[in-house]
Amino acid sequence: MKKTIFSSSKYRQYKSKLFFYAVCAFSGITMIPLFLIIWELLKKGYKQLNLSLFTEVSPTSMDAMLAKISNEPIPGGILNGITGTLLILAISIILAIPVGICTGIYLAENPKGAFSKLIRSLSDLLQGIPSIVVGIIVYAWVVKPMYSYSALAGGISLAIMMLPMIIRSTEESLKMLPASLKEAGLALGGSYSSVVLRILLPSAFSGLFTGSLLAISRVMGETAPLLVTVLGASVVNWDITHPTSAISLLIWEFYNDPNLAPLVWTSSLLLLFLVLGINIFAKRISKKWKIQ
Amino acid sequence: MENTINTNNDKYILELKNVSVAYTPEKKAVEDVCANIRENTVTAIMGPSGCGKSTLLRAINRLHDLYPEIQTTGEILLKGEDIFKMNPMKVRRLAGMVFQRPNPFPTMSIYDNVLAGYKLNNIKLSKSDRDEVVENSLRSVALWDEVKDSISKKGTFLSGGQQQRLCIARAIALKPEVLLMDEPTSALDPISTNRIEDLILELKEHYTIVIVTHNMSQAARISDNSMFMYLGHLVEYDTTKQMFTKPKDKRTEDYLTGVFG
Chain U
1 MKKTIFSSSK
11 YRQYKSKLFF
21 YAVCAFSGIT
31 MIPLFLIIWE
41 LLKKGYKQLN
51 LSLFTEVSPT
61 SMDAMLAKIS
71 NEPIPGGILN
81 GITGTLLILA
91 ISIILAIPVG
101 ICTGIYLAEN
111 PKGAFSKLIR
121 SLSDLLQGIP
131 SIVVGIIVYA
141 WVVKPMYSYS
151 ALAGGISLAI
161 MMLPMIIRST
171 EESLKMLPAS
181 LKEAGLALGG
191 SYSSVVLRIL
201 LPSAFSGLFT
211 GSLLAISRVM
221 GETAPLLVTV
231 LGASVVNWDI
241 THPTSAISLL
251 IWEFYNDPNL
261 APLVWTSSLL
271 LLFLVLGINI
281 FAKRISKKWK
291 IQ
Chain A
1 MENTINTNND
11 KYILELKNVS
21 VAYTPEKKAV
31 EDVCANIREN
41 TVTAIMGPSG
51 CGKSTLLRAI
61 NRLHDLYPEI
71 QTTGEILLKG
81 EDIFKMNPMK
91 VRRLAGMVFQ
101 RPNPFPTMSI
111 YDNVLAGYKL
121 NNIKLSKSDR
131 DEVVENSLRS
141 VALWDEVKDS
151 ISKKGTFLSG
161 GQQQRLCIAR
171 AIALKPEVLL
181 MDEPTSALDP
191 ISTNRIEDLI
201 LELKEHYTIV
211 IVTHNMSQAA
221 RISDNSMFMY
231 LGHLVEYDTT
241 KQMFTKPKDK
251 RTEDYLTGVF
261 G
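Chain order of the listed sequences is U and A.
Each residue of the first sequence is one higher than the last, beginning at 1 in the UniProt record's numbering.
Each residue of the second sequence is one higher than the last, beginning at 1 in the UniProt record's numbering.
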């Protein structure tokens with residue numbers, strides 16, 4: 001009898017250890033793709049990584065071909081892509097953040113209303129819409145009526161894609177706040193709007209900021225909706241009504257041109273570091289500004 | 001039952017007439033409470049868990065208005081004026097509240113926490129007036145000497161007892177007529193509890209205090225009058241001395257002697 005109990009407990013210990021190692025092993029496996037991607041991009045992209053990448057616009061196919069013949073590195077950079085990405089993101093931030101935060105406040109404050117349930121499910125559906133479909137819709141709504149591809153159209157399509165994430169993160173951050181905070185504000189005679197603006201939003205700021213940053217990093221590398229809304233440009237453009245370029249669009253263009261192919265890796269490396277940087281920054285902010 | 005403690009020259013600051021609060025139409029948490037509360041007294045509301053003490057207290061500053069499903073009926077007069085006919089924001093300015101758990105605003109400094117009421121009500125003060133309000137309020141709660149050198153630090157860095165005194169300072173900064181306290185010491189250690197109790201006795205000179213407590217000895221120590229509530233009804237309302245020595249109702253006696261609780 002004693003022996004049975006002993007062997008059974010040993011078996012259970014063995015099983016438990018096996019499970020632990022299996023969990024560790026699979027967790028390790030999830031890191032492999034990221035490291036492989038970074039390694040591959042670094043290996044192939046470092047050759048073109050120089051200052052001109054940030055100061056010059058993208059080269060033409062002819063420039064690249066001449067450089068190739070004379071065995072020199074491809075001239076030019078991706079300045080038009082960097083500025084384009086910044087311009088499009090700025091437009092999408094201006095459009096999506098106020099709308100997303102206000103919607104999030106509404107959902108957090110009226111969690112059970114029928115209208116809230118409708119908005120919540122629509123927002124979830126919006127998140128599931130393929131990005132190219134968003135692009136096509138914005139093409140029909142903005143590009144066609146304006147008779148021009150534009151940074152504005154790109155910004156609108158990215159704003160639509162950012163919205164669900166901002167709404168959800170605002171709602172969740174506000175819901176995390178204790179109810180007593182709102183009651184304390186109202187018990188001092190504060191109006192509803194002043195309690196929301198002066199107490200609830202600042203208290204949830206770290207969550208709102210992090211959520212917005214993650215939404216930005218999520219749409220930063222989007223290519224499909226930009227293909228049909230901003231088109232691309234070989235020059236630096238700051239006019240929101242004109243076609244413009246973006247890093248992700250340049251990667252697509254470089255991919256389609258054998259002469260420019262080496263630039264694919266460098267541009268991808270830069271885009272990856274930008275996205276990773278924003279993610280790490282968002283994590284640090286959320287830790288640092290977390291309300292006690 | 002008319003619950004009025006008769007003394008000469010009575011001046012009632014709060015008059016509760018048939019106050020009922022219902023969370024659902026079938027279930028009343030507080031039923032037909034009538035009571036008059038005199039100025040500059042401490043009134044303790046006692047009773048077992050779920051008897052409606054906090055619900056009654058929160059009816060006095062119309063905090064139930066935040067939850068549309070809660071129905072409050074009856075009449076509550078604050079200085080003779082029906083609070084249900086007043087602007088709720090005004091009611092809450094006149095009836096300050098201190099909650100069970102200390103809840104200083106986490107993004108604000110100690111200084112700004114004390115002035116939060118003014119900011120939320122968009123009352124503009126000059127720098128010297130602001131400094132004066134902060135110093136006076138913090139002195140009233142005996143916190144000034146402890147925090148005067150770290151006044152710009154966040155209120156949440158203080159200890160639990162200090163945070164609760166900060167919350168009292170925040171409530172009295174607006175100079176309310178009545179101070180409602182919902183078990184203000186239940187989350188505090190005995191030393192902090194003692195300080196808050198001493199503070200309540202000092203604040204009585206300037207404010208009328210209504211305090212909910214489940215701690216009978218606390219009610220005995222600090223209150224002038226006591227209410228005993230049971231299953232949503234106000235069973236007995238009398239001077240604390242009378243209630244603790246010769247309770248009129250059997251249920252009060254049973255509660256005070258520990259038969260149930």
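Treat the hints with care, since some could be wrong.
With the C-beta cut set under 10 Å, the calculated list includes, among others, these residues of chain U facing chain A [to be verified]:
1) A140
2) L177
3) E183
4) L186
5) L188
6) G190
7) Y192
8) S194
9) R198
10) S203
11) F205
12) N237
13) I278
14) N279
Over the 10 Å line for every Cβ pair with chain U, so calculated as not near, a few chain A residues [to be verified]:
15) L66
16) R101
17) L120
18) K127
19) D131
Hints were generated in silico from the structure; no laboratory data involved.
Bear in mind that the values here come from a model prediction, so they are computed numbers and not experimental data.
Cβ coordinates follow ideal geometry from the N, Cα and C atoms, glycine included.
These are the hints, each one checked on the structure:
For A140 of chain U, the shortest C-beta to C-beta distance to chain A is roughly 42 Å, which exceeds 10 Å, and the interface hint is violated. At a threshold of 10 Å, the smallest CB-CB gap from L177 of chain U to chain A is about 9 Å, leaving the interface hint in force. With 10 Å as the threshold, the beta carbon of E183 of chain U comes within range of chain A, its nearest partner Cβ sitting at about 6 Å, so the hint holds. About 6 Å separates the beta-carbon of L186 of chain U from the nearest beta-carbon of chain A, less than 10 Å, and the hint is met.
A hinted interface residue such as L188 of chain U counts as satisfied when its beta carbon comes closer than 10 Å to some beta carbon of chain A; here the least separation is about 4 Å, so the hint holds. Proximity of G190 of chain U to chain A holds as hinted, the smallest CB-CB distance being about 3 Å (cut-off 10 Å). Here the hint on Y192 of chain U is kept, as its CB sits about 9 Å from the closest CB of chain A, short of 10 Å. For S194 of chain U, the shortest C-beta to C-beta distance to chain A is roughly 5 Å, which falls under 10 Å, so the interface hint holds.
With a least beta-carbon distance of about 6 Å to chain A, the hint placing R198 of chain U at the interface is held under the 10 Å criterion. This hint holds: S203 of chain U has a C-beta 5 Å from the nearest C-beta of chain A, less than the 10 Å allowed. Interface hint status for F205 of chain U: upheld, as the beta-carbon distance to the closest one in chain A is roughly 7 Å, under 10 Å. Against a cut-off of 10 Å between C-beta atoms, the interface hint on N237 of chain U is violated, since the closest Cβ of chain A lies about 40 Å away.
Below 10 Å, beta-carbon pairs count as interface contacts, and I278 of chain U has none with chain A, the closest being about 24 Å; its hint is therefore violated. Given the 10 Å rule on beta carbons, the hint for N279 of chain U is violated: about 25 Å separates it from the nearest Cβ of chain A. Interface exclusion of L66 of chain A from chain U breaks down, the closest Cβ pair being 7 Å apart, not more than 10 Å. The beta carbon of R101 of chain A is not kept farther than 10 Å from every beta carbon of chain U, the shortest such distance being approximately 6 Å.
L120 of chain A, annotated as away from the interface, has a beta carbon of chain U within 10 Å; the closest lies near 3 Å. Chain U leaves K127 of chain A outside its interface by the beta-carbon criterion, the shortest separation being 19 Å against a cut-off of 10 Å. At roughly 19 Å from the closest C-beta of chain U, the C-beta of D131 of chain A stays outside 10 Å, upholding its exclusion from the interface.
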